[in-house]
Amino acid sequence: MSPAPLSRRAAVRSLAAAAASTLPLAIPACRRGEVKRPNGPVFPVALLPCPDYDPANLAKALAEGWAAAPPPDVHGKRVVIKPNIADFSQDRPIHTDARLVEALILLLRDAGAGEVVVAEGPPHNRDTEWLFRQTGYEDLARRLAVPLVDLNHDDVRPVRNADPRAKALRELYLPETILSADVVVSVPKLKTHRFAGLTLSLKNMFGAVPGMKYGWPKNVLHWNGIPSSICEVNATVRTGYSVVDGVVGMEGYGPILGTAKRAGVLVMGPNALAVDAVSARVMGVDPARVDYLAMAQAIELGSLRPEDIRLTGASLDDVRTDFILPPGFSALRPGAPRG
Amino acid sequence: MNADAVRRALGFIRDRQNSDGGWGYRPGRRSLVEPTGLCLAALAAGGGGAGASAGLDFLRSCRKSSGAIGIDPTDPEASWMAYAAILAFDALGAADEARRLAEAALAMEDASGRFTADEVSSIAMTYRYDASIRGWPWTPGTTAWVEPTALFMIALVRAGISPEHERLKSGVRLLVDRRVRSGGWNFGNPYSQTQELEATPLSTALALAGLGAAGYLGERAAVREGLRYLAGALAGDVSAIALAWSALALECYPFGGPGRPDPVARLAGLQAESGGFRDNLVETALAALVLSGPGGLVGRRGRAG
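If you read the protein sequences in the order shown, they are chains A and B.
Under numbering that gives the first Met the number 0, the first residue of the first sequence carries the number 0, and numbering increases by one thereafter.
Under numbering that gives the first Met the number 0, the first residue of the second sequence carries the number 0, and numbering increases by one thereafter.
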């Protein structure tokens with residue numbers, strides 16, 4: 000859809016702003032996953048080669064990334080893994096591969112996590128039972144005895160939108176599974192996106208917004224403006240760690256109708272924006288040219304700047320593989336003429 | 000009618016009513032309008048009884064001064080879940096309240112009037128649908144989609160709104176316009192650029208039920224191709240909720256010929272020892288309505304299809 004200002008609705012909403020300001024914040028602050036240095040924060044990000052979804056290869060890459068870009072303390076904590084299950088196709092790698100999430104669950108259990116939950120609110124297809132089964136998540140949850148939560152139909156409650164610039168959505172109804180998590184781990188697929196340019200860890204959190212309140216395909220967020228909504232959701236929801244599934248991603252007309260693109264990497268770290276910045280560079284994109292990433296940096300969700308990111312593992316030059324961009328997004332390439 | 004299965008399903012529902020009178024999607028979860036409305040509609044089909052009055056009181060607590068209804072008592076906005084409340088009020092004989100909610104639903108705006116001519120043209124090029132056709136959105140003021148349009152059409156006809164009402168006729172036009180050209184429906188984008196988006200069983204079943212409720216003729220291409228898609232889909236992996244809506248759609252447009260899929264029998268086979276279906280109150284309520292026999296939800300009471 001063509002996002003447009005929601006002027007009438009925004010006006011109505013502004014009348015409710017005072018009431019909304021009494022709602023609790025979901026998180027106490029926006030900054031997370033940072034390491035202090037004298038001149039400012041440094042965000043660790045691990046870039047790990049991973050040639051395929053073989054469990055041994057996934058476990059090795061995840062363990063190396065975990066050590067190089069450590070997560071928050073998960074010992075005894077309730078950890079919610081949020082994969083991307085935007086839809087399912089036999090022919091296209093739309094969703095985060097369940098084998099990666101399985102390896103991550105095992106790693107979290109080894110690290111002493113008290114409880115691990117897998118949760119997703121698919122954006123288009125309201126038939127979550129079918130999606131969970133087709134994508135392998137139902138089987139995974141049964142085998143590993145992990146709760147599998149449909150965030151579109153979870154209990155919800157309103158919290159204050161933590162983005163101070165938010166105008167239309169002064170409060171957000173969010174799922175209890177997300178709000179009650181000690182650590183949320185965003186596990187997106189490395190994909191292009193026909194509206195946003197890219198969909199990575201920050202955009203993945205659209206799936207935490209409940210369809211039963213905001214509809215399918217989370218249309219309120221589209222009308223609110225996709226870049227603004229991405230920032231508002233991520234300013235409000237705590238994402239403690241990100242693991243981007245770049246073993247096989249999607250290029251072209253993503254996030255549903257693109258084609259498979261093998262990048263052979265996992266990108267991991269405690270700051271979602273820094274992880275997204277590195278992931279964008281893997282795809283041959285200048286993250287500062289992606290609207291919502293630049294906006295996220297402006298509201299201090301982290302940093303895109305290479306000097307603020309402590310990158311470990313593979314070098315970007317070794318793993319960079321240019322993804323075909325969606326129509327209208329050629330200006331995202333480093334040095335490309337701006338449209 | 001599978002009387003024993005219905006009795007056990009209704010027992011599952013009654014035993015899981017929350018203290019506020021409502022039901023959540025799952026046992027013990029917070030009450031919401033959709034599961035409450037459908038549970039009440041199922042109980043009404045089984046004779047009503049204890050719990051119905053408290054359930055209606057919960058729905059009343061969710062109403063706004065505008066006459067619309069939110070997802071729960073805290074929600075300040077109108078919601079798509081109104082469809083289920085309309086069904087409940089109507090089924091339990093609260094005709095005036097059903098009518099007031101129906102009027103609010105008829106007044107619910109989608110985005111069709113907000114799109115500029117250029118935007119309508121752009122959407123037609125990219126998605127191959129007519130964004131100027133009015134239907135129903137999930138939330139007021141946003142884009143109309145297939146499923147909320149079908150759900151409101153089913154509820155409004157049930158509550159006595161004529162299929163000749165301009166909004167219902169527009170809803171029919173929207174459903175026909177949004178169909179996937181190779182058959183069936185998805186959430187509401189038949190195409191994206193040059194690629195057709197795949198139909199899905201749940202959206203297809205709901206669209207057919209919506210068209211059936213509005214009396215749309217089964218001989219027309221949209222229905223025939225939708226049924227062809229659905230027959231193929233029902234031969235494979237289908238969810239409980241898609242089976243339930245398929246069964247309801249097929250009350251309006253029965254499959255012809257032998258050897259066709261039987262979603263009613265398949266749905267009945269999913270009932271757990273507890274009497275519930277996947278421990279989900281919406282699915283259990285829909286299954287109870289299906290297993291109660293034709294006419295329980297789609298179409299006007301006393302008129303099959």
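Keep in mind that a hint or two might mislead.
So these bits of chain B aren't anywhere near chain A, every CB distance computed over 12 Å [unchecked claim]: (1) Leu31; (2) Arg59; (3) Gly69; (4) Ala143; (5) Glu146; (6) Pro147; (7) Ser273.
Short, incomplete list of chain A residues facing chain B, as computed with Cβ under 7 Å [unchecked claim]: (8) Val34; (9) Asp72; (10) His74; (11) Thr311.
Subject to a maximum C-alpha distance of 25 Å in a straight line, what follows is the list of computed DMTMM-like cross-link-like pairs (lysine to aspartate or glutamate) [stated by the list, open to error]: (12) A:Lys59 to A:Glu128; (13) A:Lys35 to A:Asp154; (14) A:Lys166 to A:Glu299; (15) A:Lys166 to B:Glu108; (16) A:Lys35 to A:Glu63; (17) A:Lys166 to B:Glu118; (18) A:Lys166 to B:Asp19; (19) B:Lys63 to B:Glu118; (20) A:Lys35 to A:Asp72; (21) B:Lys168 to B:Glu218; (22) A:Lys166 to B:Asp74; (23) B:Lys63 to A:Asp154.
The set of hints was computed from the structure by calculation and includes no laboratory data.
Using N, Cα and C, we set each Cβ at its ideal position, and we do this for glycine too.
Hints and how they fare:
A cut-off of 12 Å between C-beta atoms contradicts the statement that leucine 31 of chain B is not in contact with chain A; the least separation is 7 Å. The non-interface label for arginine 59 of chain B is consistent with chain A: the shortest C-beta to C-beta separation is roughly 20 Å, beyond 12 Å. The Cβ of glycine 69 of chain B does not lie farther than 12 Å from every Cβ of chain A; its closest approach is about 9 Å, which violates its non-interface assignment. With a least CB separation of 10 Å from chain A, alanine 143 of chain B falls inside the 12 Å interface cut-off, contrary to its annotation.
The Cβ of glutamate 146 of chain B does not lie farther than 12 Å from every Cβ of chain A; its closest approach is about 6 Å, which violates its non-interface assignment. Listed as outside the interface, proline 147 of chain B is inconsistent with that label: its C-beta sits roughly 8 Å from the nearest C-beta of chain A, within the 12 Å cut-off. For serine 273 of chain B, the non-interface assignment is confirmed: its Cβ lies about 18 Å from the closest Cβ of chain A, beyond the 12 Å cut-off. The beta carbon of valine 34 of chain A is not positioned within 7 Å of any beta carbon in chain B (closest approach about 39 Å), and the interface hint is therefore violated.
This hint is violated: aspartate 72 of chain A has a C-beta 30 Å from the nearest C-beta of chain B, more than the 7 Å allowed. This hint is violated: histidine 74 of chain A has a C-beta 29 Å from the nearest C-beta of chain B, more than the 7 Å allowed. Below 7 Å, beta-carbon pairs count as interface contacts, and threonine 311 of chain A has none with chain B, the closest being about 38 Å; its hint is therefore violated. At roughly 31 Å between alpha-carbon atoms, lysine 59 of chain A and glutamate 128 of chain A are farther apart than 25 Å, so this suggested pair is violated.
Taking the CA atoms of lysine 35 of chain A and aspartate 154 of chain A, the gap is near 37 Å; set against the 25 Å cutoff, the hint is violated. At roughly 18 Å between alpha-carbon atoms, lysine 166 of chain A and glutamate 299 of chain A fall within 25 Å of each other, so this suggested pair holds. For the proposed pair lysine 166 of chain A and glutamate 108 of chain B, the alpha carbon gap of about 21 Å is at most 25 Å, so the pair holds. Between lysine 35 of chain A and glutamate 63 of chain A the CA atoms are separated by roughly 22 Å; this keeps the pair inside 25 Å, and the hint holds.
A threshold of 25 Å between alpha carbons decides the hint, and for lysine 166 of chain A with glutamate 118 of chain B the separation of about 24 Å falls inside it, so the pair holds. About 33 Å separates the Cα atoms of lysine 166 of chain A and aspartate 19 of chain B, which puts this hinted pair outside 25 Å; it is violated. Straight-line distance between C-alpha atoms of lysine 63 of chain B and glutamate 118 of chain B comes to about 32 Å, which puts the hinted pair past the 25 Å bound. Of the supplied pair hints, the one linking lysine 35 of chain A and aspartate 72 of chain A holds, its CA atoms being roughly 17 Å apart against a limit of 25 Å.
Taking the CA atoms of lysine 168 of chain B and glutamate 218 of chain B, the gap is near 18 Å; set against the 25 Å cutoff, the hint holds. Restraint check for lysine 166 of chain A and aspartate 74 of chain B: the C-alpha separation of about 18 Å stays at or below 25 Å, so the hint holds. For the hint pairing lysine 63 of chain B with aspartate 154 of chain A, the CA-to-CA distance comes to about 21 Å; that is within 25 Å, so the pair holds.
Checked against the numbered hints above, the structure violates hints 1, 3, 4, 5, 6, 8, 9, 10, 11, 12, 13, 18 and 19; every other hint is satisfied.
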